[in-house]
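Participant: Full structure from sequences and hints, please.
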Amino acid sequence: MKEGISAWAKFYRKGTGYFAFAFHRLSGLVILFYLYLHYAVLSNLLRGQATYNAIVKSITYGPYDSFLALDFLLALVIFYHGANGVRLALNEFGIGMQHHKALFFTFEIIAMILLGLFDYYALQFVGVGF
44 MKEGISAWAK FYRKGTGYFA FAFHRLSGLV ILFYLYLHYA VLSNLLRGQA TYNAIVKSIT
104 YGPYDSFLAL DFLLALVIFY HGANGVRLAL NEFGIGMQHH KALFFTFEII AMILLGLFDY
164 YALQFVGVGF
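Per our numbering, the sequence shown starts with residue 44, numbered consecutively.
Don't read these hints as lab results, they were simulated from the structure.
Here the structure is a predicted model, which is why all the values come from computation and not from measurement.
It is possible that part of the hints are untrue.
[Said to hold, decoys possible] Per label pair, the in silico range of CB-to-CB distance:
{"hint": "1", "residue 1": "L157", "residue 2": "K57", "range": "19 to 29 angstroms"}
{"hint": "2", "residue 1": "A145", "residue 2": "G91", "range": "46 to 56 angstroms"}
{"hint": "3", "residue 1": "I138", "residue 2": "I74", "range": "17 to 27 angstroms"}
{"hint": "4", "residue 1": "H142", "residue 2": "F66", "range": "38 to 48 angstroms"}
{"hint": "5", "residue 1": "D114", "residue 2": "F66", "range": "17 to 27 angstroms"}
{"hint": "6", "residue 1": "R56", "residue 2": "I152", "range": "20 to 30 angstroms"}
{"hint": "7", "residue 1": "R68", "residue 2": "Q167", "range": "30 to 40 angstroms"}
{"hint": "8", "residue 1": "K57", "residue 2": "Y95", "range": "29 to 39 angstroms"}
In this text, a Cβ means the ideal position worked out from N, Cα and C, and glycines have one as well.
Facilitator: Below, the structure is given as structure tokens:
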């Protein structure tokens, strides 16, 4: 029974492995999109420092620096993707296959603790104004 891509939208009776797989793919696409966007912005340095500064200023314009929130969301995606990638690499070596669900939650809890530490120190760095 082939359903194609439409089967991805059906969440009934899907297990943890399905969501881990789907979010891993989605987080990989988000990271890839960010890298291309990052290269596009940085390539403006080839046009000169003034052009680059004007583009960065236009992006971060406003009373709230919305890119700070987007940076924290990007960190969330990277930490999730990294933790799930380590779990998958261990599974490829046959480690944790019997308890893959517990291993998934363990690695994700560790990743979220590390994300919290990262966010705390990142906010300290941003607060200093560097």
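Participant: Which earlier hints can't be squared with this structure?
Facilitator: Structure breaks hints 4, 8.
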